[in-house]
Amino acid sequence: MVKTILQRILQLIPILFIVSTIIFVITRMIPGDPALTMLGPQAPVEAVEELREELGLNKNIAEQYLIYLKDLLKGNFGKSYAYNEPVMKLILERFPNTLILTAISMLLAMFIAIPIGIISATRQYSIFDYVSMIGALVGVSMPIFWLGLMLVLVFSVNLEWLPSIGMGSMDKGLWDVIKHLILPCVCLATIPAATFARITRSSMLDIVKQDYIKSLRSKGLRENIVIWTHAFKNALPPILTVIGLQVSTSLSGAILTETIFSWPGMGRMIVDAIENRDYMLIQGSILFIAFIFVFVNLIVDILYLYVNPKVSYDGEKGGS
Amino acid sequence: MTNKRKFLSLLLVLVMCLSVFAGCSKPAEEPAAPAEPTEPTEPAEPAEEPDSNEPVSEDDKFGGVITIALSSSPKNLDPIMYTGTYESQVIGSVADTLVAYKHDLSGIAPNLATEWSTSEDGMVYTFKLRDDVYFQKGDYQDGKQLTAADVKYALERSATQSAMNRLGMVDHVDIINDFEVAIYLKEPSSAFLTVLTDAGNVIVPQEEVEGWGDSFGSHLVGTGPFTLEEFKKDQEVILAKNENYWAGTPYVDGVIFKIITDASQMTNALRTGEIDIATDLGGESVKIVKDDADLIIQEVPGLHVAYMYMNLMNGPTADIKVREAIIRAVDIDEMVKGIYQFDEAQRAYLPLPPGSWGYDSSLESIVPSYDPELAKQLLTEAGYPDGFALEIYVSNKAARVKMATILQAYLKQNLNIDVEIKTAEWGTFSEIASSGQADMYGMSWTWYPDPFFFLNKMFHSSEIGALGNGQGYNNPEVDRLLDEALTITDTDERAVLYQEALKLITENYSRINYSNEKSIFGFNPAVQDFEMRADGKIVVCSPEINVWMK
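Each protein sequence line maps, in turn, to chains Z and H.
Counted from 1, the first sequence has number 42 at position 42 by this note's numbering; the numbering is strictly sequential.
Counted from 1, the second sequence has number 507 at position 507 by this note's numbering; the numbering is strictly sequential.
Keep in mind that the hints were calculated from the coordinates and are not lab data.
Mixed in with the good hints, there may be bad ones.
As the list claims (entries may be wrong) - Quick list of in silico lysine-lysine cross-link-like pairs, DSS-like style, CA-CA up to 27 Å: (1) Lys-172(Z) - Lys-241(H); (2) Lys-537(H) - Lys-232(H); (3) Lys-376(H) - Lys-397(H); (4) Lys-232(H) - Lys-89(Z); (5) Lys-337(H) - Lys-397(H); (6) Lys-128(H) - Lys-79(Z); (7) Lys-61(H) - Lys-172(Z); (8) Lys-550(H) - Lys-172(Z); (9) Lys-102(H) - Lys-376(H); (10) Lys-321(H) - Lys-241(H); (11) Lys-402(H) - Lys-422(H); (12) Lys-412(H) - Lys-422(H); (13) Lys-172(Z) - Lys-232(H).
One chain only, chain Z, in its complex shape (with noise of 0.2 Å):
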């Protein structure tokens, strides 16, 4: 399994380095001239010419390209030029912030959305079954704008329970964290919850019909080990895959939900920098995501290893 985890690691290398060319040239395709872009439609002409010169943006494109490998070979990700500061001290500004709001929304969703799954499959074509699919289908079509705005007018501005924006402050008690922490994970967690629901629904329904579950029943287990461990377990991996998913998705910054609610995320810093055309902060933070994306898969890679024996990924027969 070691071996296993190491060759995986090892693959990042090649994936890494393809993605951050491909930044590299996409950051260099997207039309608008940093320079001009930063400073603003009152810069004099020499001032942008100065910056243009400064960020090196004279230079040929060949060497700009060498020059970004060499920095990233030494770990260095540049300096944003918007913010003066290094690209890796702004990313783990925000990076905290983002991993609290997916954390607590993906937990909210797993431990709302698991259960209806397996319940609905269970009970194919009852009531629950019926009214949580329908419930999923909504959620998973849900506009997340328009979500964010309608709890925040009911919650915020009608019951006035809960704060409509921002972070809270741990210097203000733990209460003030949670409770701007609430609005803003129900609206990241809704299409997640619905998404999980349906592939653990659709995932346990195909285990549940098959034979070894009828002979588990016939010897006289508990129905609910029979479910909730037999076949729960043999229903992960596919539940594994799409919660991997989500997770790397909304750990690169949950756009929306961090526009809605002032959220310091990584998603809005990506967005303002590309809006800026702040090259450097924009390929240190994609790169940044790619990394976690790739990691969070690797993750849940090991976990199949831990959940199915019968996956193997150096051939060998069971995996552990």
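Start from chain Z and add chain H according to the hints.
Chain H alone, transformed into the frame defined by chain Z:
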């Protein structure tokens, strides 16, 4: 079985997470406790504050924190690095300039400098400084007194290192004595005093700038009414009152600038009392705040012109007849009503806002009026009886897209010109527009009341290639008038020259000036004595203003 054990441990982890979550969710079921806002940042319920005329004692005005929303995050508070208005709002509250605009923008007022004089040739400005100004305490100096050396350092730093080249006209600064400096210019510039009022030219102490290095942008220190306590990017900027402020003690204990990028959410936060002032309201938000009896809305005409440029270098619009035809084919009054459904702007005529001292209302009559028949005739004379096709570029701002859509309808209907609307986000838009590639482009301009910042930047041939003059306006006579106006210090004499230039520009039919957008803010009624300014600058405390909270 190891697998079973592993699965059980996985389950255990899940249960652990569940219990954490359960712990979190518990208080959510008890909304009673936090329902009453108790934080000091949240002002008292506005509904319970009827308009009382009881006199308020001076002592009662002290206290409270005012929370102001900004629609975008400041990034770097180092005066020489800043590029946007959001930074300037914060910098202006923390640090001071030598001179400042009077609150009604009617002229330049003393600030850190008490008086100044200009040499005959307009090349040397001499300033006397206040002798009672101290810097805020910082990590690298202990609240030292401001002297001529600090002014020399800060202004020369801006002259040589500013990203925006704001003080490009300054050659060097001489210290005459501790409280007197002489600033030598490279060439006469009557816009110099106005430039000195810019947040980019605030006086900052050398010790702090050099001590913090690149992070000075997050640790700004100045002489202003508030000190920078915490700068949480994309979140909030927290300022606390400076007890040693030279122009008196601010009434409020602090100012919080909260970053709310979504316009509807800014309005919601104003309604919940999480913010006291919502800035730059527009569209539906104006109506919502107006309709809410618990809130106050205020507006001032902005120093703003929105306009549509026509390419003067290439294509059919290089012909003045075509341009006149296009201007005459659009009913601008109707267009403005269509774009600004909530009365967020007034109709404009000239490329200068009426609030500028160079404005001349007698020139409004030479702007071609709506006359579709004459328009059609002009276009035929120009050789396009069947119309032609054009592209108009606008940024993705709602008001600009609406303008382009209405324009498209008028030009199709009256001139059979097919307009294709190209919407782009700002970076793309500005590159295309400034390089003269657009047939037409729509944008707006807002700056100081000094006409230099409108006319020189948008009509001088030296600005061709910049966004201001991306249309390629090139009129040697206008260049001459604008250059001359820059060498004269007398405002009245300058105004005459600018009005002459304005007349020539208007007669060239170079563009459609259609609106002056208003600056509209929403307020919690607890905010007292806040006065909006046409330049949009937020002033909580200054020699003229001291805002307090009921």
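Status of the hints after comparison with the structure:
A C-alpha spacing of about 20 Å is found between Lys-172(Z) and Lys-241(H), which places the hinted pair at or below 27 Å, so the restraint holds. A hinted pair counts as satisfied when its Cα atoms are at most 27 Å apart, and Lys-537(H) with Lys-232(H) qualifies at roughly 21 Å. Taking the CA atoms of Lys-376(H) and Lys-397(H), the gap is near 31 Å; set against the 27 Å cutoff, the hint is violated. The suggested pairing of Lys-232(H) with Lys-89(Z) holds, with an alpha-carbon distance near 13 Å, which does not exceed 27 Å.
Restraint check: the Cα-Cα separation between Lys-337(H) and Lys-397(H) comes to about 17 Å, which is no more than 27 Å; the hinted pair holds. Among the hinted pairs, Lys-128(H) with Lys-79(Z) is inconsistent with the structure: their alpha-carbon atoms are about 40 Å apart, more than 27 Å. For the hint pairing Lys-61(H) with Lys-172(Z), the CA-to-CA distance comes to about 25 Å; that is within 27 Å, so the pair holds. For the suggested pair Lys-550(H) and Lys-172(Z), the alpha carbons sit about 23 Å apart, so the restraint of at most 27 Å is met.
Between Lys-102(H) and Lys-376(H) the alpha-carbon distance is near 48 Å, which puts this suggested pair outside the 27 Å criterion. A hinted pair counts as satisfied when its Cα atoms are at most 27 Å apart, and Lys-321(H) with Lys-241(H) does not qualify at roughly 59 Å. A threshold of 27 Å between alpha carbons decides the hint, and for Lys-402(H) with Lys-422(H) the separation of about 12 Å falls inside it, so the pair holds. Taking the CA atoms of Lys-412(H) and Lys-422(H), the gap is near 16 Å; set against the 27 Å cutoff, the hint holds.
Taken as a hint, the Lys-172(Z) and Lys-232(H) pair is honoured in the structure, with Cα atoms around 16 Å apart against an allowance of 27 Å.
The structure does not agree with the numbered hints 3, 6, 9, 10 stated previously, though it agrees with the rest.
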